[in-house]
Amino acid sequence: MTLKLNQKDCHNTLTEFISEDDTPVIALVGMPNSGKTTLFNTLTGSNFKTSNYPGATVEYSTGKLNEEYGLRANIMDSPGIISLNPSSPDEEIAIDGLFNNPKFGVADVVIVTCDVTQLSRQLFLVNQVISTGYKTIVALTMNDLLDKKQIYVDAEKLETLLKCPVIKINSKKKSGIQELIKTANSVYKETDHSIYKTLIHKPPIPDIEDVARLYDYTEEIEQKVIKHSKREIDLDVINKNTFKSLSRIPDAGSLKLDKYFLHPFWGIIIFVISMGIIFTSIFWIAQPLMDLIDSGFSDLSTLVTEILPQNTWYSDLITNGLINGFGAVMVFVPQIVILFIFLGLLEDTGYLARAAMLIDKPLTKFGLNGRSFIPMLSGFACAIPAIMAARTISNRRERFLTILVIPLMSCSARLPVYAMLLAFLVPPGKPWIGGIGLGALYFFSIISGAVTAGIINKFKKTNEKSTFMLELPPYRLPVFRHIFKNTYYKALIYVKQAGPIIIVFSLVLWALTFFPNQEPVIPPEKTAGLTEEAVTHLKESERLNTSYAATIGKYVFEPVIKPLGWDWRIGVSLISAFAAREIFVSAMAITFDITESEDNEDNFQKSILGSMREARSPDGTRPLFTTASTIALIIYFMFAMQCLSTVAVARKETGSWKIPLIQIGLFTAMAYIFAFITYRGLNLIGIH
Amino acid sequence: MIQINNSDKLPLNEITKSVSDLQIGETALISTVGDDCIDIHCHCLRLMELGFTPGQEVTIVAKSPFKDPVAVSIRGTIIALRKSEAECIKIL
Ligand SMILES: Nc1nc2c(ncn2[C@@H]2O[C@H](COP(=O)(O)OP(=O)(O)O)[C@@H](O)[C@H]2O)c(=O)[nH]1
Ligand SMILES: [Mg+2]
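For the record, the sequence lines run as chains A and B.
Going by the numbering used here, the first residue of the first sequence is number 771, and it counts up by one from there.
Going by the numbering used here, the first residue of the second sequence is number 336, and it counts up by one from there.
Hints listed in this document are in silico derivations from the structure and should not be mistaken for laboratory results.
Any given hint might turn out to be false.
Stated by the list, open to error - Heads up, incomplete: computed chain B residues facing chain A, CB under 10 angstroms, no partners named: (1) Lys352; (2) Leu357; (3) Ala363; (4) Leu380; (5) Leu382; (6) Gly386; (7) Thr388; (8) Pro389; (9) Lys402; (10) Gly411; (11) Thr412; (12) Ala415; (13) Glu420; (14) Leu427.
Quick caveat, the model's predicted, so the values are computed rather than measured.
Backbone N, C-alpha and C fix where the C-beta goes; we use that ideal spot for every residue, glycine too.
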């Protein structure tokens, strides 16, 4: 799976920056968690937009420098990198973006954020950046944390050793920022712009000896610039006495917390509880909001129906096509928002990396990664936010594999379908059998996801070796403002980019189920004595049963699904369910002439179950819904890629049609084959 | 990188001990990184770039319940490594 970077695909629409030639571009570069984004937020205020490369986790934020600093400049935040030598396709994009960004070209000034609590490591990247020829300024971050150890960095000394400006900053307290900008400005002014950009080059790829030598150098610098706060104390003496280098001991609080959070027993308990909270939140907290959006759109649809002329195709297009399409887009927003708030919390506090570490081992067996866990768990609520959450997986192959199997997780839209079919199967008075059945369906969806991932992983060989190597950042208090802002952009990107595809799909489906019979004619003797509502239902059912979808259902689907014991009416319902799985239930109600309204759940359930019992197979000899054919239908829903919104989001997140097409082809084939085996197998052992 | 094809036949002496052999809380000095890596796709260079260089002190902070990955403290930070990755880092 190689990625071709397509300039046109880089969605520039969200970007906000000054597009004049003489405005300097300042790029922020640094290792992960070194404080780039915090500095970026301080520099730009709220004037920033995030854009990302399709199919990659590489995200660039661009923004205008806040006016209070008295300089016109564009600021670019870049993804954290360890060094300038890429070791994965995503890193390659991130690093290429530094040298030739599709938006900015070559930056005029590079500010490297350097976390002083791990100075010898961070100077490694600083050195590499300086050697590229970029005008470099080093911004020292986390000085407050070093203070706690009673040591500090001598910035002036570091400046002479590195031969580039070094400034201590604290982005949260806004100290050192003015000086940083002033320095950037003077560095920019001193630059000879006629040759500057031609001198910049990517450093050659070092070998192991080069890296060791570079580290010897950074250690030497570290030793010279790190000093004890009390002047009379010689740090070397302390280090000799404790046999440790004071500047190279990780954050004490984090080490203490990790005793619990990464404890073999308590660690798992905390993991299960926190994942449980996330899962139940996206499942239960989002539900009322989704219902609200749902009913809001159907109220709007009713309202518009009353305003528009009756019985015209365009009023139906607006109410049932467009408004429902918008509703289908918006209904996922609550789940996306909740999931991304939790993801932001986990990431900001430092727990996300640890959670990934705890669960990594079992997932590697299936070619996945510790970071696949949260997306897959979210898949049980809804595949859309789950696929978007897969961005946190930095390994490309593992991310695509995770996205691929997410639709197999038993999402909440399958629940109404399962509920109806299980209610049909379960003998009266024994509802607990349905409960066990539902539990089994959830369990099997985990198994099928894991097995599918495992098999694909076995067959699709790769050169990109799976690595973990994840920094566990110090535990920190989250900044809610940043989490909410980030979540807002995630939701916005979803609405703007996946939304149009979902709406187009909904319109196509609407056309298939509406045309050609715009004005259904019902013989008067059939409507005699019926309420107006019942007549409307009859009309709807007549229209659907004569629509193109029905034609396709009869002539294309019925021959195909007959071996599974189904007829064209189920076929039409399956087509309708492409808009969303739960629509299967209402489509069944329409194709089987249910005149009860869905609002009265008890009556609706009774009446649809009654219709299912009465329905006859195409030749009229046997009942259509038997134990075997209904179980086959459940099996079909377990696997089939029965959701166009998921297809749209998978397309958007992977940057190509490859993954969504595999999902449609493979999962539908699996669904068909397993449903066939189930139906025929049950028939063979005498269950009909 | 010196490539040794029959590395599993080597006697298990002190020199071949790696970070993955350490217990929680144990500290050691790195001797070499990726010296007997058989795998050409190994990520030894990246390990070095992350700061695992000869002479550095490493401490095992934690192990996941499946003993893999392990959390290793190095140069002022903590990095989680899979066992296969930790095996590339030999200790004294
Ligand atoms: N104590 C302290 N924390 C900081 C400082 N700068 C950033 N942080 C925190 O460090 C964490 C990582 O910062 P972030 O900007 O997201 O790093 P990035 O990965 O480089 O973008 C965040 O929780 C910040 O709040 C600082 O100067 N002092
Ligand atoms: Mg960042």
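Outcome of the hint check:
| no. | hint | in the structure |
| --- | --- | --- |
| 1 | Lys352 | 20 angstroms, violated |
| 2 | Leu357 | 15 angstroms, violated |
| 3 | Ala363 | 13 angstroms, violated |
| 4 | Leu380 | 6 angstroms, holds |
| 5 | Leu382 | 7 angstroms, holds |
| 6 | Gly386 | 4 angstroms, holds |
| 7 | Thr388 | 5 angstroms, holds |
| 8 | Pro389 | 7 angstroms, holds |
| 9 | Lys402 | 8 angstroms, holds |
| 10 | Gly411 | 4 angstroms, holds |
| 11 | Thr412 | 5 angstroms, holds |
| 12 | Ala415 | 4 angstroms, holds |
| 13 | Glu420 | 6 angstroms, holds |
| 14 | Leu427 | 14 angstroms, violated |
Comparing the model with each numbered hint stated earlier shows that hints 1, 2, 3, 14 do not hold.
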